[in-house]
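J.: Sequence:
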Amino acid sequence: MPRKNKPIIKLKLDGDTGGGSTVPDSAEGATPRNLDKRGTLTVGERSFVIEADDLLKLADLGRGAYGIVEKMLHQPSGTVMAVKRITVTSGMGAGGGPGGGVQSQEQKRLLMDLDVSMRASDCRHTVQFYGALFREGDVWICMEVMDTSVDKFYPVVYKRYLVDSVAKTIDAGCKPYMAPERIDPGSGSRTEGYDIKSDVWSLGITMVEIATGRFPYATWRTPFEQLKQVVKDDPPRLPKSAAPGSEEFSAEFHAFTTSCLQKKYQQRGNYEQLLAMEFLQRYGAGDEPADTSDMAEYVCTILDERDGVQAAGDGGGELVN
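Under UniProt numbering, residues 1 to 321 are what the sequence shown spells out, in order.
Be a bit skeptical, because a hint or two may be false.
Capping the alpha-carbon separation at 30 Å, the derived lysine-lysine pairs in DSS-like fashion look like this [unchecked claim]:
hint	residue 1	residue 2
1	Lys263	Lys197
2	Lys197	Lys232
3	Lys232	Lys263
4	Lys232	Lys264
5	Lys228	Lys240
6	Lys57	Lys71
7	Lys264	Lys240
8	Lys197	Lys264
9	Lys197	Lys228
10	Lys228	Lys264
11	Lys263	Lys240
12	Lys240	Lys197
13	Lys228	Lys263
Label-pair restraints from in silico Cβ distances [what the hints assert, rightly or not]:
hint	residue 1	residue 2	range
14	Ile68	Ala120	48 to 58 Å
15	Ala211	Met146	23 to 33 Å
16	Leu73	Glu278	39 to 49 Å
17	Lys232	Arg63	10 to 20 Å
18	Thr87	Pro239	43 to 53 Å
19	Glu136	Arg214	41 to 51 Å
Derived by calculation from the structure, the hints in this document are not laboratory data.
Note that CB positions come from ideal geometry on N, CA and C, so glycine has one too.
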């Protein structure tokens, strides 16, 4: 079932000349200066003045430590979007003047969230950022809503920590995926913090886990032992076959994961180096992947099943529970 691309939508705040940002130049400075209770929503050739009251909640999409994400309908235009609502501790009036009273750390977190969303908006691999509004102590970040998410494809539950079917928060974090320099800042002689190479390590751990079906650091009794393994033990590697010519994984894949999983961050590949590696070049890492037809068909099948659309029939479809 072919699915159409979503229309390009832009949310411009009142008083914005069109090229301005809703985020201050520095996350160290004052509170967001252009946040207001209304803005301009542009859908195709049509523009609408948008207020928070125009947005009708349809469903909850997710919840995190700093806020919630809701699926909302902009009623005047019929546009459905995802709205991330971040609650600030104290009052920040419309316009976000310096007297808003938002605490420094919370302010930095909010501005970083807005800044990342804005800077990634032009990337076709990320959700589109439409803009931000202010409503009753909450900052509303308006974004493109996606058809589904990975957890709908692979609804795996870590049963070890289920009590009466309620998931406990023990071991719910992602520290075992962290790079050694993030767990122990003194490792690798790194004193100035961390950079994107820490994410490269996490990518390598994830790739090895997906390829083998097992978490690389599997033998541990406590979370502390697991973190110690990351810092002290040799980095994980893909298994090699004992028989020549019967390798389970290609040499290119071995080289790629090895480049990701270098404990000394100086020796770890960065994004540009990874993109130039044979593994991605050979199997489609450019603007046009080598073969996307199977994946596109698979995703559409999952979406159709979720929506209750029958694969064969008269086209009328049937809702299923």
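J.: Against the earlier hints, flag every one the structure doesn't satisfy and list their numbers going up.
T.: 14 and 17
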